[in-house]
Amino acid sequence: MSDFMLPDIGEGIVECELVKWLVSEGDMIEEDQPVAEVMTDKALVEIPAPYRGRVSRLYYREGEIAKVHQPLFALVAEGGEQAETSDTPMSSKDEEELAGESAQEQAPPKEPARVVAASETGEEQSEDFILPDIGEGIVECEVVEWRIGEGDEIEEDQPVVDVMTDKAMVEITAPKAGRVTHRYYAKGESARVHSPLFAFVPRDRQEGVKPATSAAPPRHAPTVEPGEGEVTHAGVNLRRQRIPASPAVRRLVREHGLTLADIPGSGKDGRVLKADVLAYLERRPEPVRGAARPQQAETRREERARVEREREVRIEPIKGMQAVMARRMAEAASTIPHFTYGDEIDVTELLALRERLKDEAQAQGTRLTLMPFFMKAVALAVREFPILNSRINDEVTEIHYQPHCNIGMAVDGRGGLIVPNVKSVERLSLLEIAAEVARLTEAAREGRVGQADLKDGTISISNIGALGGTYASPIINAPEVAIVALGRVQRLPRFDDHGGVIERAIMTVSWAGDHRIIDGGTIARFCNRWKGYLESPQSMLLQMG
Amino acid sequence: MTISPTADKAGWTLQRPTVEAGLALDEALLESICQGESWFGLVAWSPSDRALVMPRRHERVAGFPEARRILRDMGWPILFRATGGTPVPQSSAVVNVALALRCQVGSSAAHLEWGYRRLGEPWCEWLAELGVADADLGSVAGAYCDGRFNVRIAGRKLVGTAQRWRRVRGSRDMAMLAHGAMQVGDTPESLVDVVNAYQAAVDDPQRFEAASHISLRQALPDLDLDAALPKLLERLANA
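Read top to bottom, the protein sequences are chains A and B. FYI, in this note's numbering the residues of the first sequence are -17 to 527. FYI, in this note's numbering the residues of the second sequence are 2 to 240.
Worth flagging that the hints you see were computed from the coordinates, not collected in a lab. Where a beta carbon is used, it is the ideal one built from N, C-alpha and C, also for glycine. Wrong hints could be hidden among the right ones.
To be verified - Partial list, derived from the structure: chain B residues whose beta carbon lies under 7 Å from chain A:
| id | residue |
| --- | --- |
| 1 | Arg58 |
| 2 | Thr84 |
| 3 | Gly85 |
| 4 | Gly86 |
| 5 | Ser109 |
| 6 | Ala110 |
| 7 | Ala111 |
| 8 | Leu113 |
| 9 | Glu114 |
| 10 | Ala163 |
| 11 | Gln164 |
| 12 | Arg165 |
| 13 | Trp166 |
| 14 | Arg167 |
| 15 | Arg168 |
What the hints assert, rightly or not - Derived DMTMM-like pairs: lysine to aspartate or glutamate, alpha-carbon spacing no greater than 25 Å straight-line:
| id | chain 1 | residue 1 | chain 2 | residue 2 |
| --- | --- | --- | --- | --- |
| 16 | A | Lys256 | A | Glu109 |
| 17 | A | Lys2 | B | Glu60 |
| 18 | A | Lys405 | A | Glu380 |
| 19 | A | Lys2 | B | Glu21 |
Stated by the list, open to error - Some chain A residues near chain B, calculated using beta-carbon distances under 7 Å:
| id | residue |
| --- | --- |
| 20 | Pro(-11) |
| 21 | Asp(-10) |
| 22 | Ile(-9) |
| 23 | Gly(-8) |
| 24 | Glu(-7) |
| 25 | Val1 |
| 26 | Asp14 |
| 27 | Met21 |
| 28 | Asp23 |
| 29 | Lys24 |
| 30 | Ala25 |
| 31 | Leu26 |
| 32 | Val27 |
| 33 | Glu28 |
| 34 | Ile29 |
| 35 | Pro30 |
Produce the complete structure using the sequences and hints provided.
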């Protein structure tokens, strides 16, 4: 028995309503027979059977919501009830391969249809590694760096590729040892979740198809003789529609606008080899219908480039972290009424204290900056003004006071603006905070901040002054309710208690609060308390637990 | 009444069937593709009577029988259509255009976004040709049967779109029917009120707003629709 996965229906569509079953459990159904009707996006779509067989299970009731790429129904292949005890004839893996083939075809469906090559897929030896879910709502990510090349041997858990999601860089590791046969995306391209990222031949399979000189098969190995270069599954009715070819050959076919079905395969079981494709190209007297495409594409690209040069506009897509920043900042700016409050803080004593402590911190392996002091002072002030460390529920009917002070620090990272946070600042020593700040800063600059470091922030600090500037108007990092931008420290003349002019280190700060729950008085009082800790840093000692 | 859908340009004249016959016309168009009899079809029709049309699954809604009676008494019988979505009033104020295509879709079951753009973008171009500067595709808050790909004028819904995909017999190709219903006459209020009456009858609290809709007559008061419509069909055929 194998599960038939609900296939892709449209871009970005992840679920649909099961409107009607056209078959019942126990029914024998034919290949391509309509099995169900699903509805989404104002469209009713008929789902056909992938092959002949008996329906053994329907996973949803009519009216329920079915998920794309999740089992829709289970099917026992024709004459292959024995398949229930063997490898699945069309497993979810097969389905993923099929889905992956589709995901590669960025072009719209052809109309009218000419041949059915697009549904033929499957490399007998290779497995596609499907880019898994990386985070809620993330449907694609950018391929930042391939760590391996095609043809490379890889070990289980070896890093294969770095991809950047909307929030962070994620390292993808090999699921098992083997040889990489194909990378589906080039560096810089956007890879879609649930589509093939790379293909590889697992090492156990490479060994399994060695000629007879290799060791005898294990006692419980399938009785099916592994063909040379092919692993056979029982009851694979679908396979007879597939034309065996390696991913590289398929790519060659695509690049020349050919159809696999048109090319006679000289390999075993009709496998189409690279030589077959090249021979086919040479044999064709007239230009292949799609053969001119690369040239046309080249011409189009040149034309586009020329037009762009003339217009002097350079266009680049907004993607990855940039896209997330665009979306989240627009949302925060348009939905949260920001109340901005500025003040200046005399950090002369704080700087002196940092000078006294930094060597000792350095001796303990930690670089002490001012940021740990700012964070600790925020955590202390929050104890008196917990509303600054709260969130509002989506309906704006409740204030959720957060149990810990997880302070975010806006970092101008490799991939764009990100805000990792130091967890539970209220519990940490200055040295511990400094160590966390250093760790997060380095990770952000390398673009390797983990999801955990980005989640659950409760209040944020932007040290924009490190780059310059004295005032800012920061946008709240929703669902937090407050953020402060620190200006640069300036040496400025100020009056002392006796009216004399003295030089002081002055830093301006710009707070933004969510005016739905934080009023001006609250933010002013909170800022005064925070400022008090920073202007007289020893006073923090009285409050530290 | 039997009306034949056609891929023949000569047949691209506006037909005036009953709503029931018009829906059958759409079905026949799709069926001809499914049977492998044709690769492409296009039909335009405007009802000679009126009905509130919705997918059959609405029959499952509690209170549906009573709602059906109420609407029938109002002169708006309920009929079912084969595309997705929610209730849409059909009357002589509405022009329907159905586009059917045989498509190769790879391993996907459908390509909905492509289908909507295949229908909607030529529609927007046609409106631009008629002098409408701000036609585009998108959703419209407050509109009935809202979707991501309505044809809008100034953000108001002019054309509602829906689709149905079926397998072509004996083939892995799929047959797509993309349907657009454009309000050409009357006021948006007159049609919105019908949908809201249904909403009330099934005890659904959601109500729709006339301000979210626009009719072609409001946008182009002097338009000769009979003269202009063939250009829309031509664009849809040649896109």
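Quick rundown of the hints versus the structure:
{"no.": "1", "hint": "Arg58", "in the structure": "holds, 5 Å"}
{"no.": "2", "hint": "Thr84", "in the structure": "holds, 6 Å"}
{"no.": "3", "hint": "Gly85", "in the structure": "holds, 4 Å"}
{"no.": "4", "hint": "Gly86", "in the structure": "holds, 4 Å"}
{"no.": "5", "hint": "Ser109", "in the structure": "holds, 4 Å"}
{"no.": "6", "hint": "Ala110", "in the structure": "holds, 5 Å"}
{"no.": "7", "hint": "Ala111", "in the structure": "holds, 5 Å"}
{"no.": "8", "hint": "Leu113", "in the structure": "holds, 3 Å"}
{"no.": "9", "hint": "Glu114", "in the structure": "holds, 5 Å"}
{"no.": "10", "hint": "Ala163", "in the structure": "holds, 4 Å"}
{"no.": "11", "hint": "Gln164", "in the structure": "holds, 4 Å"}
{"no.": "12", "hint": "Arg165", "in the structure": "holds, 5 Å"}
{"no.": "13", "hint": "Trp166", "in the structure": "holds, 4 Å"}
{"no.": "14", "hint": "Arg167", "in the structure": "holds, 5 Å"}
{"no.": "15", "hint": "Arg168", "in the structure": "holds, 4 Å"}
{"no.": "16", "hint": "A:Lys256 <-> A:Glu109", "in the structure": "holds, 19 Å"}
{"no.": "17", "hint": "A:Lys2 <-> B:Glu60", "in the structure": "holds, 13 Å"}
{"no.": "18", "hint": "A:Lys405 <-> A:Glu380", "in the structure": "holds, 23 Å"}
{"no.": "19", "hint": "A:Lys2 <-> B:Glu21", "in the structure": "holds, 22 Å"}
{"no.": "20", "hint": "Pro(-11)", "in the structure": "holds, 5 Å"}
{"no.": "21", "hint": "Asp(-10)", "in the structure": "holds, 4 Å"}
{"no.": "22", "hint": "Ile(-9)", "in the structure": "holds, 5 Å"}
{"no.": "23", "hint": "Gly(-8)", "in the structure": "holds, 3 Å"}
{"no.": "24", "hint": "Glu(-7)", "in the structure": "holds, 5 Å"}
{"no.": "25", "hint": "Val1", "in the structure": "holds, 5 Å"}
{"no.": "26", "hint": "Asp14", "in the structure": "holds, 6 Å"}
{"no.": "27", "hint": "Met21", "in the structure": "holds, 4 Å"}
{"no.": "28", "hint": "Asp23", "in the structure": "holds, 5 Å"}
{"no.": "29", "hint": "Lys24", "in the structure": "holds, 4 Å"}
{"no.": "30", "hint": "Ala25", "in the structure": "holds, 4 Å"}
{"no.": "31", "hint": "Leu26", "in the structure": "holds, 5 Å"}
{"no.": "32", "hint": "Val27", "in the structure": "holds, 4 Å"}
{"no.": "33", "hint": "Glu28", "in the structure": "holds, 5 Å"}
{"no.": "34", "hint": "Ile29", "in the structure": "holds, 6 Å"}
{"no.": "35", "hint": "Pro30", "in the structure": "holds, 4 Å"}
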